[in-house]
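Sequence lines, in order, name chains R, H and P. Mapping of the first sequence onto the working numbering: residues 21 to 338, in sequence order. Mapping of the second sequence onto the working numbering: residues 26 to 429, in sequence order. Mapping of the third sequence onto the working numbering: residues 14 to 312, in sequence order.
The hints are simulated quantities; they were obtained by calculation from the structure and are not laboratory data. Wrong hints could be hidden among the right ones.
Stated by the list, open to error - Below, simulated SDA-like cross-link-like pairs (lysine to any residue); rule was C-alpha separation at most 20 Å, straight line: (1) K289(R) with Y101(H); (2) K147(H) with K289(R); (3) K229(H) with I159(P); (4) K254(H) with A23(P); (5) K426(H) with I159(P); (6) K147(H) with A211(R).
As the list claims (entries may be wrong) - Derived coverage of chain P by chain H (criterion: at least 3 residues anywhere in the stretch with Cβ under 8 Å from a Cβ of chain H; other residues may be distant): (7) 22 to 33; (8) 141 to 149.
Backbone N, C-alpha and C define an ideal beta-carbon position, used for all residues, glycine too.
As a plain string of letters, each chain reads:
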Amino acid sequence: MKPLLGYGGLLAISLLLPLLAPAYQSQLAFLWVMVVLALTWDLLGGQMGYNSFGNIVFFGVGMYACAIVQRDAGLAYFPGLFIGMACGAAIAVAAAALLGAGILGLRGHYFAIATLGLGVAAGELASGWEFVGAGGGMVPPLFPGAVGGRERFFYYLCFAIAAITFPVLRWLYRGRFGLALNAIRDDEDKAEAMGLHTTRYKATAWCISALFLGLAGGAVGNLTGFIDPREVAFAGSTYGVWMVLMAILGGKGTLWGPVLGAVIFHLTKELFWTYLLGWQRVALGLLIVVIVIFFPLGILGWARQKWPERFGQRVEAA
Amino acid sequence: MPRFLAACLIAFLLSSAAIAAKEEDTVVLGAAVSLTGKYSVNGKNTKDGYDIAVERINEMGGVKVGGKRFKLKIVYYDDESTPARGAQLAERLISQDGVKFLLGAYSSGLTKAMAPITEKYKVPHVEGNAAARELFTQGYKYLFAVLSTADYYLRDPVVLAAKMAKEHGRDPKSVKIAMAFENDPFSLDVREGVVEEAKKYGMKILIDDKLPPEINDMAATLTKVKAVKPDLLLVSGHEKGATLVVRQTVEMRVEVPMVASTHCDSAKIAENLAHAAEGVLCGSQWDRHLAYRDRWFGTAEQYAERFDKEFGYPTPYQAAESTACVLVFADAFERAGSLDPEKVRDAIASTDMTTMFAPIKFDSTGKNVAKQMVLYQVLNGAYKVVSPEKWAETKLVWPRKLPQ
Amino acid sequence: MENLRLLFEAPLLPVQLLLDGVLIGAIFALAALGMSLVWGVMGIINVAQGELVMLGGYAAYFLYRAGVHPLFGVPLAALLLYLLGWALYRTLIFRVVDQDLFISILATFGLSILLQQLANAFFGADVRTAESGFGTLVLLGGALTISRIKLVAFAAAVVTGTALVLFLKTSRMGQAIRATSQNARAARVMGVDTDRVYARTFAINAAICGASGALVAMTWVVHPYLGLPYTIRSFMIVIIAGLGAVHAVLASAVALGIAENFAGFIFGAEYQAAFVFALLVGILVARRFWLARQRRYLA
């Protein structure tokens with residue numbers, strides 16, 4: 021009963037939010053995007069123990085694919101957008117499957133660095149490719165309809181993506197799949213020795229992550245209104261790192277952690293931007309250092325250590 | 026946990042309700058400028074240009090709109106040189122801070138991201154720092170640019186190269202061009218202009234490299250340049266590109282008779298690399314020796330003197346064009362006699378004025394058709410205008426000789 | 014393909030590219046040496062490596078402006094950065110030494126943003142250069158040019174590499190550092206003050222970066238945002254070379270310099286960076302398959 025009330029309340033507030041704060045709709049839309057980014061990162065980084073810096077690739081691929089469909093398919097705005105997002109997601113999944121074959125075999129920091137290289141290389145390639153506007157970027161079609169309608173539409177669109185991602189991951193984590201991922205995280209060799217097809221699980225997890233990232237990318241491209249290869253699509257040094265930080269801040273390897281981390285991080289960041297003109301990035305750097313050094317387990321990890329019984333864990337004698 | 030999050034969101038809403046109340050008798054302009062990130066040099070120039078204009082206008086009693094005097098004020102945000110941020114900030118300025126008039130950001134990429142938003146909200150957007158041509162083919166009605174479009178930055182050197190070829194008894198067709206342009210919307214447009222101009226003369230483009238924005242070394246490109254021995258080397262890569270090409274052509278002894286770049290004056294090549302920069306050509310939007318004047322600052326030279334004194338560095342054209350944006354607004358407010366965005370837009374569209382920056386008159390696409398670019402040459406550690414002829418302070422020195 | 018043809022037509026071109034590659038590689042090698050040391054001894058991947066290089070560049074720039082001869086500028090920049098590195102260790106880095114490697118990556122990433130933005134706030138974003146005044150060595154009537162500062166950089170890299178090896182092999186502190194890197198706990202048991210060893214190691218790394226930054230400022234330009242490419246290159250070099258092998262670091266740095274220069278020449282500058290990063294991924298994947306063939310798992 022109690023969790024139901026909580027979920028219902030959260031849903032109601034999320035749906036009402038744009039009516040309550042119409043001026044903040046696009047920031048709030050980004051909030052949901054952040055939630056999706058953190059959740060999908062945690063699927064690999066938290067649950068499976070594969071710290072990826074390259075998930076931004078799927079975000080960018082989705083964004084470009086969606087914009088290309090919108091540009092070339094000759095559809096009306098909404099069919100174009102939705103088909104574009106679907107294509108973006110599909111291509112992102114295909115890319116994940118393809119890249120996963122080579123890269124998911126790497127372990128530990130080699131994986132982290134390879135994915136970092138992947139993210140940067142993708143941005144560089146996109147900015148050399150004339151078909152997608154090279155360094156000049158792409159401009160998705162203008163949203164039809166009244167002033168303010170665009171922001172509201174994208175708010176609900178981003179919310180919808182987040183609202184689908186969350187229960188899907190929740191369902192996955194509760195079943196065999198989640199256990200398999202955790203087994204890989206805890207000891208991959210043993211998991212493999214126990215007969216688990218670790219490669220298959222890893223690839224599937226990356227594909228799921230890519231699916232939602234691709235969807236989110238398509239939406240963000242249109243929400244931003246301008247696709248720059250390095251700063252918007254393959255923005256490794258902003259979104260790419262933020263998704264990791266948000267998951268860590270909230271507590272990686274937990275379901276709610278990334279959501280919590282994303283909300284707190286995004287709000288803090290927006291406040292910095294408003295009130296610390298010119299110094300906001302200094303503050304952001306400081307914030308990152310503080311988060312990582314003092315909360316390496318994240319807020320939920322810390323709370324779990326402090327009140328284990330509230331998280332349904334048996335308290336064992338130390 | 027869900028309940029906690031809900032509480033977070035509500036707290037956020039409440040805190041956001043405390044938006045600054047608007048002051049009376051003040052017209053608020055909004056601007057996103059790059060205070061950090063790769064454009065932060067030019068972002069600062071832009072901000073200083075806006076600030077000096079506002080200061081001067083307020084000093085003269087503000088603008089007179091419908092019999093009442095208003096002071097000007099600018100709300101700034103830092104866009105961190107990224108288009109994603111720029112788009113968000115434009116929206117924030119308009120829908121949260123209630124800004125009705127927008128001054129442009131620095132760079133074409135950012136303006137590309139912001140223009141659809143000002144268009145949507147029907148907010149007049151006057152900018153002096155985004156020169157990509159594509160901005161003026163979209164049918165935007167609220168975007169106005171006081172500067173020449175990017176494709177004009179390096180057309181003059183091509184024309185001059187043709188002239189020099191003729192003077193030395195060669196066919197302009199035989200002129201060989203090497204170019205390296207940064208991979209961003211602005212430089213790609215500069216490139217378009219060069220390609221068009223070269224085609225006119227039938228010149229051959231031998232090297233056409235695109236520089237990545239994080240470039241720290243041009244050795245690979247310049248080795249190629251050295252091998253093909255072009256007659257003209259063109260570079261556009263903001264301050265980094267200008268500095269590197271000056272420095273490395275000398276170091277690697279790349280003997281090209283004519284070298285031209287953008288952004289030399291904001292890179293301060295004549296000041297910092299006086300020896301090496303000798304003879305390099307620079308495309309510029311403005312020069313302090315131009316004979317334009319206006320009622321706020323007087324002549325271009327007087328403006329530059331005031332700017333130098335106030336900010337402690339030589340006035341770059343990026344500041345002058347930014348100042349001009351504010352002047353356009355001031356002029357339009359007074360002529361419209363109203364602060365209604367629609368009326369102000371119409372007044373801007375019918376602007377016909379001279380500022381210390383340039384004559385300003387917009388065509389239907391919003392670009393300034395009354396203005397010309399100037400081309401500098403660095404001579405004895407100073408920028409001297411060599412083209413167009415009517416402004417030329419001195420004759421072009423050709424070929425560029427590398428210092429020993 | 015035009016470019017490839019050019020390469021074969023002018024026989025001196027590949028020589029010039031090769032030379033430049035070798036000399037550029039030497040500057041990369043310095044930052045990579047530091048990274049290899051910190052990674053090997055402390056188990057930290059320092060993402061702020063490039064920012065230390067950047068700060069070294071600024072140190073050299075300000076010393077140059079103050080009229081210090083560039084030959085002194087390099088060691089002075091190294092000295093300043095040594096102090097900074099020590100201070101950074103005492104305030105921040107010591108907290109992540111015993112943590113997961115990934116935590117150190119993120120913490121130093123935050124540090125890199127911090128240093129970058131502070132540099133932007135205090136020094137401004139202007140692109141600056143320091144002049145070495147060494148000029149250029151012109152060979153074969155201008156067909157080959159070598160800027161002398163690059164030769165100095167190469168010499169500095171070799172000297173630093175040798176000095177580092179000697180220091181680690183012979184000095185007392187060097188022995189303590191090696192002992193700590195082999196087994197920190199055992200070293201502690203044997204009476205090595207590992208905390209001091211770590212502080213020294215990080216400070217030495219910063220000093221090496223400072224020297225390389227000074228050379229960067231004298232060869233190219235310095236601005237607050239130049240760090241990332243140096244960090245990434247250091248990563249690549251260290252990964253290819255493996256930890257703890259000084260000569261391998263030098264060799265792979267030079268190889269990277271050459272590869273990058275040729276890639277820029279043949280594919281054009283726009284694909285230079287893409288090529289380098291794709292190469293990184295390629296090397297990692299190839300390495301994995303090679304190790305799998307040998308039935309060795311990766312760490």
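Hint check results:
1. Proximity of K289(R) to Y101(H) is assessed by CA-CA distance (about 17 Å); at most 20 Å being required, the pair is judged to hold.
2. Simply put, K147(H) and K289(R) have alpha-carbon atoms about 29 Å apart, too far for the 20 Å limit, and the pair is violated.
3. Distance restraint check for K229(H) and I159(P): the Cα-Cα separation of roughly 30 Å exceeds the 20 Å cut-off, and the hinted pair is therefore not satisfied.
4. For the hint linking K254(H) to A23(P), the alpha-carbon distance of about 12 Å falls within 20 Å, and the restraint holds.
5. Our distance criterion of 20 Å between C-alpha atoms is met by K426(H) and I159(P), whose separation comes to about 19 Å.
6. Taking the CA atoms of K147(H) and A211(R), the gap is near 60 Å; set against the 20 Å cutoff, the hint is violated.
7. Proximity of the region 22 to 33 of chain P to chain H, defined as three or more residues with a beta carbon under 8 Å from a beta carbon of that chain, is established by the 5 residues found.
8. For the region 141 to 149 of chain P, the stated coverage by chain H holds: 3 residues have a C-beta nearer than 8 Å to a C-beta of that chain, and at least 3 were required.
Checked against the numbered hints given earlier, the structure breaks hints 2, 3 and 6 and satisfies all the rest.
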